Amino acid sequence: MEPPVLGAYGVSYSFPNSSRPVLKEVSVEVERSEILALLGPNGSGKSTLLKIMAGILPLPRSGLNGQVRFGPVEVGTLTARARAKYAVYIAPELRAEFPLTAFEAVSLGRLTHPGTLLKQSTKQDLGVIEWAMEQSFCWEFRNRDIRHLSDGERQLVSLARALAQGAKTLLLDEAISKMDLNHQAAVGKLLQKLKGQGYSFVLVTHDFNLATEWADHCCLLNKGQKVAWGPLQEVLTEARMREIYPDAGLIVGKNPATGKPKLFFS
Amino acid sequence: MNRLTGYRGYVVGLAFWALALFLALEMGAADHATVDIITKLRLPRALLASAVGMGLAVSGCVLQALFANPLCEPYTLGISSGAALGTVIGMALGVQFSFIGLAGTAFVGAMIFAVILFLVSLKQGSSNLILLLTGVMLGVLGSSLVALWMTFADLNGVQGSLSWLLGDLSSARIGGSLMTLILVVILSGSLWFHWRELDALLLGEEAARSLGFSIEGSRRKFILLTSLLVGLCVSGSGIIGFVGLMVPHFARKMVGSLHLKLVPLCAIWGAATLTFADMMSRSLFKPFELPVGVMTAVIGAPLFMWIMLRNEKKEAQ
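Chains as they are written, first to last, in my numbering: chain A, 1 to 266; chain S, 1 to 317.
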């Protein structure tokens, strides 16, 4: 059997000089062509887990215990570039301090595949960039300065940059939160399509109703601990949701069209 | 975005540099310059101005990318303060020696501060923020110690170091100038070859990491190379403001922020700008000479604000 595309095993983490652990013994796996939603309240350790799984936690990693594996390989044994070709972390925001066009920002994804010393992009690079930007609906504003784009448009650019990087495991950290409904729906379809091509995704989000529409499995974190992990219906029970979000008064229902579990405020 | 296409930015920059060099050889205190004046005084000075301008602009560009902060400039890391401290102490003690034709005491001061900064960057877990704060702190420490020293030093020593602190290219000798120019070109070139790492840093540390770059390694490399470059420039010329901040922004307006194109453009425009500014500072009020640092700031600051504001308006439309 094929090993999971991405696996975290007994991951614990506390920030340097802090005794409060952010993650306690969390284990979770992502199979090929799977979308995993990583859900939980603020401060539950979702983003930290995502960064650890992507292998981009800054040094020192002294507070980190446990293992992350890309397929059969332990992530610590990989070079930074090999890691970036396999899995890519997409931040909630695209930092834009300098004048860059959307096209240039996406072309940075190709830095992971360096060509000759004094050539910015090969013909193949240009093809990949165009493909990535068309997939994520930003080809039409490729010549605009990223500093003048809306937050949602910048998130599309981030997604395109990640696709251009060529990794087939994408870890999205609130990376669709500022898109409008059209774009969110379109990105949902894109994820399903890419899934069919062997891509895998981990989504960190607070938008349960989006996550439940797209994800195959979900992992629920609370206070740094894994509460539940499995198929949506099994994890998102009303009792569990009320326990984790006691003040929200949540009701678990169903999407009348798709039958997927949805949350409502009472 | 409005950008110059193709090679226009380079061609215009090279033409400006050539013009500045020509004027720098032509203009000066003496109306009928002899061959001696041109080859022994003006040529070394023009070469030194080119080297220092190039070095300041390239290191400014690199530091802005490294810290993902458009406000960074060569002096942000405080290395210039080390050079200033070295010079002032050297002048007061009457210790003067030269290192490849540069002010040796300044170079020693700059390198001591650079080593401190480099040691901080070696420490595991030191972030860009910590480095930036260390640099700013070293800068303040250095200039306070300079002020303290000047309070106790005798007046003649203070006069000499004051003009140096405001930027002074008059000590240029042909050997030192050529040596500086060669070293600046080598250091700038080796920074340029790392354009991929600089590009990766444009979107911040985290993005660079997820693009597969080891930030810790890049940081050390860039700190080391820019420290050497800034130390070299400051020892040759004293403290010259604005070139390192202004030229990279100006160059980005022309070709965008990707470093394969940006670094050479910064080098050309930096060299041209400082050569031109030094020529002006020598010939505007002759026979008096303005410190070139005053010149770059007096012309540079308003021009910079005008260009930036005008562009903001254009882009807003």
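I should point out that these hints are in silico values taken from the structure, not numbers from a laboratory. The structure presented is a predicted model; accordingly, all values stated were derived computationally and were not measured. Any given hint could turn out to be false.
Label pairs and their calculated CB-CB ranges [stated by the list, open to error]:
1) A:Leu118 x S:Ser170: 47 to 55 angstroms
2) S:Leu284 x A:Asn143: 39 to 47 angstroms
3) A:Leu118 x S:Ser214: 19 to 27 angstroms
4) A:Gly152 x S:Leu224: 54 to 62 angstroms
5) S:Leu148 x A:Asp151: 47 to 55 angstroms
6) S:Trp306 x A:Gly66: 50 to 58 angstroms
7) S:Leu141 x A:Asp151: 35 to 43 angstroms
Calculated cross-link-like contacts (lysine to aspartate or glutamate; reagent style DMTMM-like; alpha-carbon spacing at most 25 angstroms) [as the list claims (entries may be wrong)]:
8) A:Lys178 x S:Glu206
9) A:Lys24 x A:Glu130
10) A:Lys85 x A:Glu74
11) S:Lys261 x A:Glu130
12) A:Lys260 x A:Glu234
13) S:Lys40 x S:Glu206
14) S:Lys253 x A:Glu140
15) S:Lys261 x A:Asp125
16) S:Lys253 x A:Asp151
17) A:Lys254 x A:Glu243
Take a look, some chain S residues computed to stay more than 10 angstroms from chain A by CB distance [what the hints assert, rightly or not]:
18) Thr39
19) Ala65
20) Gly104
21) Phe118
22) Ser144
23) Arg196
24) Glu205
25) Phe213
26) Ile215
27) Leu258
Cβ coordinates follow ideal geometry from the N, Cα and C atoms, glycine included.
Closest CB of chain A to the CB of S:Phe213 still more than 10 angstroms away: violated, 6 angstroms
For S:Leu141 and A:Asp151, compare the CB-CB distance with the range 35 to 43 angstroms and indicate the outcome. holds, 40 angstroms
Are the Cα atoms of S:Lys261 and A:Asp125 separated by 25 angstroms or less? It holds: about 18 angstroms lies between the C-alpha atoms, which stays within 25 angstroms.
Does the structure keep S:Lys253 and A:Glu140 at a Cα separation of 25 angstroms or less? holds, 22 angstroms
Hinted pair A:Lys178 and S:Glu206, Cα distance within 25 angstroms: holds, 20 angstroms
Could you check the hint for me, namely that S:Leu284 and A:Asn143 are 39 to 47 angstroms apart, CB to CB? Because 42 angstroms falls inside the window, the suggested range holds.
Falls inside 19 to 27 angstroms, the C-beta gap from A:Leu118 to S:Ser214? Holds - the Cβ-Cβ distance for A:Leu118 and S:Ser214, about 22 angstroms, lies within 19 to 27 angstroms.
With 54 to 62 angstroms as the target window, see if A:Gly152 and S:Leu224 comply at their CB atoms. Given range 54 to 62 angstroms: violated, Cβ gap about 40 angstroms.
If I claimed the Cβ atoms of S:Trp306 and A:Gly66 lie 50 to 58 angstroms apart, would that claim hold in this structure? Holds: the Cβ-Cβ distance is about 56 angstroms, inside 50 to 58 angstroms.
Examine each Cβ of chain A, and state whether all of them lie more than 10 angstroms from the Cβ of S:Ala65. Violated, because the least Cβ-Cβ distance between S:Ala65 and chain A comes to about 8 angstroms, which does not exceed 10 angstroms.
Beyond 10 angstroms from every chain A Cβ: check whether that's true for S:Thr39. The claim holds: S:Thr39 sits with its nearest Cβ about 36 angstroms from chain A, beyond 10 angstroms.
Chain A versus S:Ile215 - minimum CB to CB distance exceeding 10 angstroms, so not interface: The assertion about S:Ile215 is violated, with a minimum of 7 angstroms to chain A.
Hint violations for this structure: numbers 1, 4, 9, 13, 19, 23, 24, 25, 26 and 27, all remaining hints satisfied.
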